[in-house]
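A.B. asks: Heads up: the protein sequence lines correspond to chains V and P, in order.
If you number the first sequence the way our numbering does, the last residue is 270 and the count never jumps.
If you number the second sequence the way our numbering does, the last residue is 224 and the count never jumps.
Calculated directly from the structure, the hints in this document are not laboratory data.
No experiment lies behind these values; they were computed from the predicted model shown.
Check each hint, because a few of them may be wrong.
From the structure, some residues in chain V lie toward chain P, with a derived Cβ separation under 8 Å [as the list claims (entries may be wrong)]:
| no. | residue |
| --- | --- |
| 1 | Leu89 |
| 2 | Phe123 |
| 3 | Leu124 |
| 4 | Tyr125 |
| 5 | Leu136 |
| 6 | Tyr141 |
| 7 | Glu142 |
| 8 | Val143 |
The beta-carbon is built from N, C-alpha and C at its ideal position, and this holds for glycine as well.
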Amino acid sequence: MAAPVIETHALGKTFGLTPVLQDTEFRLSPGRGAIVIGGNGCGKSTLLSIFAGLVAPSQGYALIFGEDTRRFGPRYRRRIGMMSHQSFLYPNLTARENLELYARLYEVSAPREVAESWLARLGLADSADDRVRTFSRGMEQRLAAARAMIHGPSLLLLDEPFTGLDFDGAARVRTLIKSALDEGCSIVATAHTPFAVEGIEFELYEIVRGQVVPYQEEDAPRRGRLRSLLRPRPS
Amino acid sequence: MNAFLAILRKDLILELRGGRSTTALVSLALLVLVVLTFALERTAGGGPATGAGALWIALVFAGMLGATRVMVAEQENGCLRALLLSPVDRAILYAAKLTASATFMIAAAVAATIMAMLFFNLEFSDSLATLGIALILGALGFSALATLLAAISIRARGGELLLPLLIVPIFVPALIAGVKVSAAALSGAPLAAAREWVGILVAFDVLFIAAGYLLFEHVVGEE
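Put together the whole structure using the sequences plus the hints.
C.D. replies: Laid out in structure tokens, this is it:
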């Protein structure tokens, strides 16, 4: 059996006195997709930030490709792509310049051509030379998806990837996610409801009392942090 | 090297399009020089020492204003997180940020020097090369220190208020050395006459560039 791409043990994160994640056990096999569902403030973004090595856990540890996220070096960071609530795009650069910049940072060969092809894939070719500052929320979100995937990562971390997208934009991003899965990329996404990823083969999880547990459909969407904490801990 | 150039190029493009750092630096330098010209005119009567002092006061004030800009630009849309997520070595990131910051400051120094020469009625002579060395070394040291401290302060609440309190006391040795070298240069003395002070500027630069190179990773690391 292949080693898991993500493996956590007793993972916890506390901000001040507020525990957000507690004793979280989570595994993701190579080439699989998982979606973590939960309301606002339940810890979804924190979980992804820990996986990306951007936030240090308060307790336990997370291994990504077998490496502790606290010791992430360039070799591991190169294999991760992340889409966050923030677009990670420079407003005063054009769409093409943004993608080209990130392609160069990830040492993608022929960065200009690769940037062009991603712009075309996401239907942004006509806006390639427009500054991101002039983009709508949906256009920026599409460009953010391209930015996260431009270097062909082995693990994609997508924090509410469909936020702000219109029907066409959501369909394009959904296609990109499916393609990435088909190419063997492992994906962890977050959403408020499981409907966001309909049509994509994802394992469903939710965050309950700070723990990532398999999603139970009857409980349906969406507890925020308070309801998440009040709910009995799963046995 | 590729990543260094990509980040530096990006910072320069952003500056050319926004122009906030250099414009602010030059404007503040001009303001300080005008005020000092009128304030010092009657008591000191101008002269190389006064001109050098005014020039460095203008540069330090302007530098503090510009110090945070290079790092603050990365906060918009969470771009700093994206840089940290990328495989770019943190030391390369620091080097690119330092180079961008020093470039803006040197541009402001050139403008401030021309204004100081005019306001204080100083002569353009061969010793301008010595003045240039002092200003470049000063701008480099200031940028090295400011980039490192700005990376700390942007994470702190009220960090922009904290930054000048941290920078000025640490920069004092380089400031004194810079004024001494500049005064010597403006009075027509050769570089050799201010060798010890140039040595202090070089030592300051080496110390804080090395400190930034080694510590930047820990400063911008995990939250």
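A.B. asks: Each hint needs a verdict: does it hold in this structure or not?
C.D. replies: Structure-based check of each hint:
Annotation: interface hint on Leu89(V) holds; nearest CB of chain P at approximately 6 Å, less than 8 Å. The criterion of a C-beta within 8 Å of any C-beta in chain P is met by Phe123(V), whose closest approach is roughly 4 Å, and the hint holds. Interface restraint check for Leu124(V): the shortest CB-CB distance to chain P comes to about 6 Å, inside 8 Å, so the restraint holds. A cut of 8 Å between beta carbons decides the hint on Tyr125(V): the least distance to chain P is about 6 Å, and the hint holds.
The criterion of a C-beta within 8 Å of any C-beta in chain P is met by Leu136(V), whose closest approach is roughly 5 Å, and the hint holds. Hint status for Tyr141(V) relative to chain P: holds, with the closest Cβ pair at about 6 Å, below 8 Å. Against a cut-off of 8 Å between C-beta atoms, the interface hint on Glu142(V) holds, since the closest Cβ of chain P lies about 7 Å away. Evaluation of the Val143(V) hint against chain P yields a violated restraint, the C-beta minimum of about 10 Å exceeding 8 Å.
In this structure, only the earlier hint numbered 8 is contradicted, and the remaining ones agree with it.
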